[in-house]
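Undergrad: Letter by letter, the chains look like this.
2 protein chains.
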Amino acid sequence: MILSDTIRAIVPIDTTLLAKAQARLDRLTKPVGSLGRLEELAARVIAILGAEPSQLPQSMVLTFVADHGVTAEGISAYPSSVTAQMVWNFLKGGAAVNVLARHVGAQVRVVDIGVAEDLGRPEGLVVRKIGYGTKNMARGPAMTCEEAIKAVETGIKVALDAVKEGMTLLATGEMGIGNTTASAAIATVMTGQPLERMTGRGTGLDDAGLAKKRQVIHQALTVNRPDPHDPLDVLAKVGGFEIGGMAGMILAAAANRIPVVLDGFIAGAAALLAVAWQPRCRDYLIASHVSDERGHAPLLQHLGLAPLLDLRLRLGEGTGACLAINLVQAALKVYREMATFQEAGVDEALPPTR
Amino acid sequence: MILSDTIRAIVPIDTTLLAKAQARLDRLTKPVGSLGRLEELAARVIAILGAEPSQLPQSMVLTFVADHGVTAEGISAYPSSVTAQMVWNFLKGGAAVNVLARHVGAQVRVVDIGVAEDLGRPEGLVVRKIGYGTKNMARGPAMTCEEAIKAVETGIKVALDAVKEGMTLLATGEMGIGNTTASAAIATVMTGQPLERMTGRGTGLDDAGLAKKRQVIHQALTVNRPDPHDPLDVLAKVGGFEIGGMAGMILAAAANRIPVVLDGFIAGAAALLAVAWQPRCRDYLIASHVSDERGHAPLLQHLGLAPLLDLRLRLGEGTGACLAINLVQAALKVYREMATFQEAGVDEALPPTR
Chain Z
1 MILSDTIRAI
11 VPIDTTLLAK
21 AQARLDRLTK
31 PVGSLGRLEE
41 LAARVIAILG
51 AEPSQLPQSM
61 VLTFVADHGV
71 TAEGISAYPS
81 SVTAQMVWNF
91 LKGGAAVNVL
101 ARHVGAQVRV
111 VDIGVAEDLG
121 RPEGLVVRKI
131 GYGTKNMARG
141 PAMTCEEAIK
151 AVETGIKVAL
161 DAVKEGMTLL
171 ATGEMGIGNT
181 TASAAIATVM
191 TGQPLERMTG
201 RGTGLDDAGL
211 AKKRQVIHQA
221 LTVNRPDPHD
231 PLDVLAKVGG
241 FEIGGMAGMI
251 LAAAANRIPV
261 VLDGFIAGAA
271 ALLAVAWQPR
281 CRDYLIASHV
291 SDERGHAPLL
301 QHLGLAPLLD
311 LRLRLGEGTG
321 ACLAINLVQA
331 ALKVYREMAT
341 FQEAGVDEAL
351 PPTR
Chain B
355 MILSDTIRAI
365 VPIDTTLLAK
375 AQARLDRLTK
385 PVGSLGRLEE
395 LAARVIAILG
405 AEPSQLPQSM
415 VLTFVADHGV
425 TAEGISAYPS
435 SVTAQMVWNF
445 LKGGAAVNVL
455 ARHVGAQVRV
465 VDIGVAEDLG
475 RPEGLVVRKI
485 GYGTKNMARG
495 PAMTCEEAIK
505 AVETGIKVAL
515 DAVKEGMTLL
525 ATGEMGIGNT
535 TASAAIATVM
545 TGQPLERMTG
555 RGTGLDDAGL
565 AKKRQVIHQA
575 LTVNRPDPHD
585 PLDVLAKVGG
595 FEIGGMAGMI
605 LAAAANRIPV
615 VLDGFIAGAA
625 ALLAVAWQPR
635 CRDYLIASHV
645 SDERGHAPLL
655 QHLGLAPLLD
665 LRLRLGEGTG
675 ACLAINLVQA
685 ALKVYREMAT
695 FQEAGVDEAL
705 PPTR
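Residue numbers (my numbering), protein chains in the order written: chain Z, 1 to 354; chain B, 355 to 708.
If you are wondering where the hints come from, they were derived from the structure by calculation, not from laboratory data.
A few of these clues could be false.
Below, a list of computed lysine-lysine pairs in the DSS-like style, where the Cα atoms sit at most 27 angstroms apart [stated by the list, open to error]:
1) Z:Lys-135 to Z:Lys-157
2) Z:Lys-157 to Z:Lys-333
3) B:Lys-566 to B:Lys-518
4) Z:Lys-164 to Z:Lys-129
5) B:Lys-518 to Z:Lys-333
6) B:Lys-446 to Z:Lys-333
7) B:Lys-511 to B:Lys-446
8) B:Lys-446 to Z:Lys-92
9) Z:Lys-164 to Z:Lys-135
If we take Cβ atoms under 10 angstroms as the criterion, some of the chain Z residues that face chain B in the derived model are [unchecked claim]:
10) Met-1
11) Ile-2
12) Leu-3
13) Ser-4
14) Leu-49
15) Gly-93
16) Ala-276
17) Arg-280
18) Glu-348
Glycine included, each C-beta is placed from N, C-alpha and C at the ideal position.
All chains, full assembly: derive it from the sequences and hints.
TA: Rendered as structure tokens:
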């Protein structure tokens, strides 16, 4: 079975490389530690890859797209039709993730893992539909257990294809009207924290909309009773196809010793599932940013991940991840291109004052 | 007089452009406001420039370098010799600011505005020495009033040269062993906040070193009694040549309607002086990051500037500013390259739930 094989293939990162990389960083012409999180980032990426990279990572954003039956309950500020429309926007390169990925030299791969419409086979779209949107989780499970496995395994396969093509860094992306609702449900179950804390305004609900969304999630959890100890059960009952896909890609990347840059709240929900399957994959995750979506900060805290950016983003698609890819590149360039004290003939720090 | 002419030439930014730019941002295919600070940044840069730019800003980091007589008191973890050594490192491209400027496509211009050594006239170095380091401010004024004016006017001239060469975005940079001591003194005077709050470990002092540094700053303020209502007096008594240079470049950039990306704590001290001369120049400032240096956060708060990044940097040189230039570029690309709802045929938000 692909899923269990992938989980088994994930090895711990080589922590001796963290110290080794830091030792070089400490010889560069700057006060020790003065590049803060850039230094931490360089060391982590090197430890994940298992070696100092000979070139900058080849980066790809995998943007998984799917619809959510729960939109029937009126939990989003946008109509479901936007999911499919945004796929066309992605393919034409006009969405925010396209702009920001180009900016950092990353590719965007768009995966239809469950859009409610038939989009045909346009160039550039990877069609791996598990279904035409999930079912309404407020009335019963969002998907079958088989579909949940299929979603995760699809994510694994899509990630493996990217790795085969030479990618050495993957970033999560997603689009799907209704998916902050599914993510809040997953986050509530997986973190054990209050539903209110995990549920935010998504694409821009007003107070009444937010109250409604919380009530719908409460109903979904009551109707389905997902088992917090079984990530597959949680995904099937209150998840989404794109969330399963992202969980799978995280596992596959970790199994291939490739860093995964997490985007926002929905990516975080996928990470909760992946980490539940295999806690080791946490070490392969880079939290790009903390978003304006209410549940994101406590979710990251639960995962033990410190976000790199806080720019009040709440768009998804992989946008925040792109900005963090830029920081990864900057960190690795610092590591590779800066002169050491010795090379530059610069004096090192004086002995302590006492 | 160049200084007063420059101050007079600074006009308020065109705030109608903020709203106009936001109106376009709101038509792009994303929930309104969902790119958070990137949207704010795009609108601000457009309002500063006075028009939507037809291309990305041409960016230059001006790295002013000078020595500080107060190092005689033993207030730095590094010897003064490092200032001149780092100039050679800058010229060879091996310092952190070189790496990060290359990363974002910005130029670095290194200005010897008062290094204690004679560096000759090597290629790439702009030599505008006001003196061979400042005097020890713990014993008397760091420089004469005339030197202070000359430092600021040098910054103005260097910035004007950059503008003449086609630069449309300037970033502050600096290097000078001892300059967090001068900056903490300036910040204490200009913000009226406690010396302890404004004084940090610089390049890495231990507790004893920090206590000593605070005592030296206290002495400098007692000996000199700088007048908080007279920025030139403050600069002369407890400042530095590179700090004066940066204050001048901020004024010149604002007078030419060009955004200034502020680097760290020392740049912040220069900004305090510039804003005291002309409060309008605040609107031209972009705070790149909040550093790990203790006084930086309260200093930015005093200026009313919200930093874009928090990566625990504390290196200076212009390094944090480079990372923020990347965000400016990303913001402007979003503004220019994203499709509108109409162009992409994407439905807009539903009416509110009630």
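Undergrad: Does the structure keep Lys-135 of chain Z and Lys-157 of chain Z at a Cα separation of 27 angstroms or less?
TA: holds, 24 angstroms
Undergrad: For a C-alpha distance cap of 27 angstroms, please report whether Lys-446 of chain B and Lys-92 of chain Z respect it.
TA: violated, 43 angstroms
Undergrad: A closest beta-carbon separation below 10 angstroms is what the hint needs, so does Ser-4 of chain Z meet it against chain B?
TA: violated, 38 angstroms
Undergrad: Given the hint that Lys-164 of chain Z pairs with Lys-129 of chain Z, does the C-alpha gap stay at or below 27 angstroms?
TA: Satisfied, since the Cα-Cα distance of roughly 22 angstroms is no more than 27 angstroms.
Undergrad: Is Lys-446 of chain B within 27 angstroms of Lys-333 of chain Z, Cα to Cα?
TA: With a Cα-Cα distance of about 16 angstroms, the restraint between Lys-446 of chain B and Lys-333 of chain Z holds, given a limit of 27 angstroms.
Undergrad: Taking the closest Cβ pair, is Gly-93 of chain Z under 10 angstroms from chain B?
TA: holds, 8 angstroms
Undergrad: Per the CB criterion, is Glu-348 of chain Z less than 10 angstroms away from chain B?
TA: holds, 8 angstroms
Undergrad: Holds or violated: are the alpha carbons of Lys-518 of chain B and Lys-333 of chain Z at most 27 angstroms from each other?
TA: Measuring from Cα to Cα gives roughly 31 angstroms; hence the hint is violated.
Undergrad: Minimum Cβ distance from Leu-3 of chain Z to chain B below 10 angstroms?
TA: violated, 33 angstroms
Undergrad: Given the proposed pairing of Lys-511 of chain B with Lys-446 of chain B, does the C-alpha separation stay at or below 27 angstroms?
TA: Within the cut-off at roughly 25 angstroms; holds.
Undergrad: Would the hint on Ala-276 of chain Z be counted as holding, given a Cβ-Cβ threshold of 10 angstroms to chain B?
TA: violated, 29 angstroms
Undergrad: Can Leu-49 of chain Z be said to touch chain B, with a Cβ gap under 10 angstroms?
TA: Violated. Min distance 19 angstroms.
When each numbered hint is compared with the structure, violations occur for hints 2, 3, 5, 8, 9, 10, 11, 12, 13, 14, 16, 17.
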